[in-house]
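Colleague: Given the sequences, and given the hints that come with them, work out the whole structure.
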Amino acid sequence: MKKASLNTLLIVVITLLLVCSFASCKSNKQSDSSYSNETRNDNSSAEPPSSSTPSKSSDKGTDTETNKSEVPDVQPASMADALFIGDSRTVGMMEYARLIEANYFCSTGMNVFDIKKNRISVPSVGKVTLEELLSNKKYGKIYIMLGINELGYNFQSIINKYGDLLNYVNRKQPNAAIFIQANLHVSKKRSDSDKYINNKNIDRLNSELSKFANGKSTFYMDANHLFDDKDGNLSSDKTADNAHLYAKYYSEWGEWICKETAKVLKERQS
Amino acid sequence: MVFSSLQFILIFMPIFFTVYYLTPGKYRNAVLLAGSLAFYLVGTINTPVHFFLFVASIVADFLAGICMEKRQKYKKAILSCTIVFHLICLCIFKYANFVLGELGKLYDGFPSFNEILLPIGISFYTFQGISYIADVYRGKITADRNLLNFAVYISMFPQLIAGPIVTYDEISDRLYQRRITSKTVLQGVGIFIFGLGLKVLLANPLGKLWSQAQAIGFESLSTPLAWMSVIAFSLQLYFDFFGYSLMAMGLGEMLGFTLPENFKHPYVSVTMTEFWRRWHITLGRWFRDYVYIPLGGNRKGALRTTINLLIVWLFTGLWHGAGYNYLLWGLVLFLIILSEKLWIGKWLNKHRLLGHIYMVFLIPLTWTVFAVNDITQLGILLTRLFPFFGKGAWSVFRYDYLKYLGQYYLFFIAGIFLSTTLPYKLLKKVKSKVLLTAFLLIILGGSLYCMYRGFDDPFLYFRF
Numbered sequence: 001m002k003k004a005s006l007n008t009l010l011i012v013v014i015t016l017l018l019v020c021s022f023a024s025c026k027s028n029k030q031s032d033s034s035y036s037n038e039t040r041n042d043n044s045s046a047e048p049p050s051s052s053t054p055s056k057s058s059d060k061g062t063d064t065e066t067n068k069s070e071v072p073d074v075q076p077a078s079m080a081d082a083l084f085i086g087d088s089r090t091v092g093m094m095e096y097a098r099l100i101e102a103n104y105f106c107s108t109g110m111n112v113f114d115i116k117k118n119r120i121s122v123p124s125v126g127k128v129t130l131e132e133l134l135s136n137k138k139y140g141k142i143y144i145m146l147g148i149n150e151l152g153y154n155f156q157s158i159i160n161k162y163g164d165l166l167n168y169v170n171r172k173q174p175n176a177a178i179f180i181q182a183n184l185h186v187s188k189k190r191s192d193s194d195k196y197i198n199n200k201n202i203d204r205l206n207s208e209l210s211k212f213a214n215g216k217s218t219f220y221m222d223a224n225h226l227f228d229d230k231d232g233n234l235s236s237d238k239t240a241d242n243a244h245l246y247a248k249y250y251s252e253w254g255e256w257i258c259k260e261t262a263k264v265l266k267e268r269q270s
Numbered sequence: 271m272v273f274s275s276l277q278f279i280l281i282f283m284p285i286f287f288t289v290y291y292l293t294p295g296k297y298r299n300a301v302l303l304a305g306s307l308a309f310y311l312v313g314t315i316n317t318p319v320h321f322f323l324f325v326a327s328i329v330a331d332f333l334a335g336i337c338m339e340k341r342q343k344y345k346k347a348i349l350s351c352t353i354v355f356h357l358i359c360l361c362i363f364k365y366a367n368f369v370l371g372e373l374g375k376l377y378d379g380f381p382s383f384n385e386i387l388l389p390i391g392i393s394f395y396t397f398q399g400i401s402y403i404a405d406v407y408r409g410k411i412t413a414d415r416n417l418l419n420f421a422v423y424i425s426m427f428p429q430l431i432a433g434p435i436v437t438y439d440e441i442s443d444r445l446y447q448r449r450i451t452s453k454t455v456l457q458g459v460g461i462f463i464f465g466l467g468l469k470v471l472l473a474n475p476l477g478k479l480w481s482q483a484q485a486i487g488f489e490s491l492s493t494p495l496a497w498m499s500v501i502a503f504s505l506q507l508y509f510d511f512f513g514y515s516l517m518a519m520g521l522g523e524m525l526g527f528t529l530p531e532n533f534k535h536p537y538v539s540v541t542m543t544e545f546w547r548r549w550h551i552t553l554g555r556w557f558r559d560y561v562y563i564p565l566g567g568n569r570k571g572a573l574r575t576t577i578n579l580l581i582v583w584l585f586t587g588l589w590h591g592a593g594y595n596y597l598l599w600g601l602v603l604f605l606i607i608l609s610e611k612l613w614i615g616k617w618l619n620k621h622r623l624l625g626h627i628y629m630v631f632l633i634p635l636t637w638t639v640f641a642v643n644d645i646t647q648l649g650i651l652l653t654r655l656f657p658f659f660g661k662g663a664w665s666v667f668r669y670d671y672l673k674y675l676g677q678y679y680l681f682f683i684a685g686i687f688l689s690t691t692l693p694y695k696l697l698k699k700v701k702s703k704v705l706l707t708a709f710l711l712i713i714l715g716g717s718l719y720c721m722y723r724g725f726d727d728p729f730l731y732f733r734f
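Protein chains in written order, with this note's numbering: chain U, 1 to 270; chain C, 271 to 734.
If you are wondering where the hints come from, they were derived from the structure by calculation, not from laboratory data. Beta carbons: idealized from backbone N, C-alpha and C, even for Gly. One thing to keep in mind: the hints can contain errors.
As the list claims (entries may be wrong) - Cβ-Cβ distance ranges computed for the label pairs, FRET-style:
(1) U/S121 to C/F631: 49 to 59 Å
(2) U/K189 to C/E489: 17 to 27 Å
(3) U/Q269 to C/Y594: 48 to 58 Å
(4) C/K698 to U/K137: 58 to 68 Å
Modeller: Here it is as structure tokens:
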């Protein structure tokens, strides 16, 4: 092929690439602005409630017939006064659940034994310990999801430490509603092959943790029914690494938390 | 057992090499064979049929070689039967799962089957055996009459499970007589440690970024993170395999063999054609000598050359794995290489800077096709790499790429630097043995620590 033709072709290709990049940037700006409208700043921007009957949250995740959208005929709760404490799943929530008003005290590998020693970078707050975070701001809702990294250690000591943590958080934030989040299941493949991190142990852990709920200041929520298969394992099509959800499912989880929180708080009031 | 494991480095190597060096020269092949078979047995302890298949394969090639020389009239038939035996084994153990799985999807009520496990190293020792019998057939080499020595050629543990694919003539002299000096042993140790470092300290961490991208799900990646992930995969694949090949070469030196080079800085190539002369050199050589040239190569006109190239690249793709994406990958490589042959190759060779830019995009893009088994997922990833239609370049997690860049930037810098020829030129200039020893000890210490902490991942090329 002649040199001139090649040069021309090259110029055309580069021009096309530039045009496409420009078009892509333009569409980004539009999608960014629409994204900020989708965030749940207040109840008025929330989706209209479903008319189906809300179901009782189950601690074994066996309530598989729960309709994901059936939970509320209440407005989803605001997350402006919420704090999420947890491990890698909470990190996923922070990054992908679109609950951007909440604070997050989380890191991969966080556990009940080390939590008070950790200094974590909390977005829009800074690098703080849990003590500092709980001393600086009043929260209305505190969500805790811990336990899975601790499986393999002495079971009773995990429960004791978790109880200590709950007492501590309750002391620091006496007006906050504390929501113990059930640890999510792992897939069957992981469960069948791991001596410690398997669904039998996770269910046992969740069951014990649910006993801390008193219906007044401490509650228990279990989202497993959203993501489990019919056998109570994390659906294999919802995970690549058999332990964590694909990022796209976190927004569904976040929506459910908002609706379930609103339902629980309404029941508490009544 | 993998080279980058504590069992291999701290248990197998000290025991084996102590016995090997203490053994008088004429018994060393027996020790090497015993050690290699033990090495393979450890890996196949739960599937003894794989071990027997391996032994049967060695014996079949050995007998075929002798029979072909003794019965010249039947040598074509013997060659064909032995090759067919190898290919049947390969098809059953490597491709049957995929084929039966696809048939099961197409036909309801298709009988279910137990998954067939892939014998470790089958793709390598099969190709090695075929090269041997083909070379005997052609008269390029004389068949080995000594089963022990022949078995050592096929089974010696440095190249047994992940190459390089060694041809018989490359090491036949050393099979019968080899001189091992402290210089060659130390050189071998040095090469081994360097390869270990590339694998454990560079490939494994970079591989974690690719794993994280998969765990997040491609649809949720921003465009910058998608590109970072595929570049991370490209670097992981290279340093995994290059590191392993260096470890094999180092072990070979320690045994008294000089194994062929398998990588020559492939990422500095300016064309895909050049790339495949620098990447997995012994595989490219095998396909050239035992498929492309017997088919006629480029000696039978343009159309036949094109068909021959297509066959070679489809089989290259298939050799790497049983899946549509491997076939697609082979096809893509064929199209690129054909375009270069007919059109842009000369131009890229002349304008090397543009050639480098061309390859900076093509290398990760072609590896993307290789890496993602599911065609739908591949499509999703490509839309994240080229976000010109649909949801734009950014993710829900707006600055995801900054988070991972912060975690992996050092590995990217090291990976890109070690992909060039510069560090190797610099290393060769270092004359101080003290400095070199210190450098290697640091790499060894760091690697052992990472292995101890469980930061090692299975070598990507082991599923071949």
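Colleague: Would you mind marking each hint as holding or not holding in the structure?
Modeller: The hints, checked one at a time:
no.: 1; hint: U/S121 to C/F631: 49 to 59 Å; verdict: 35 Å, violated
no.: 2; hint: U/K189 to C/E489: 17 to 27 Å; verdict: 22 Å, holds
no.: 3; hint: U/Q269 to C/Y594: 48 to 58 Å; verdict: 57 Å, holds
no.: 4; hint: C/K698 to U/K137: 58 to 68 Å; verdict: 59 Å, holds
Violation of the numbered hints given earlier is confined to hint 1; every other hint is satisfied by the structure.
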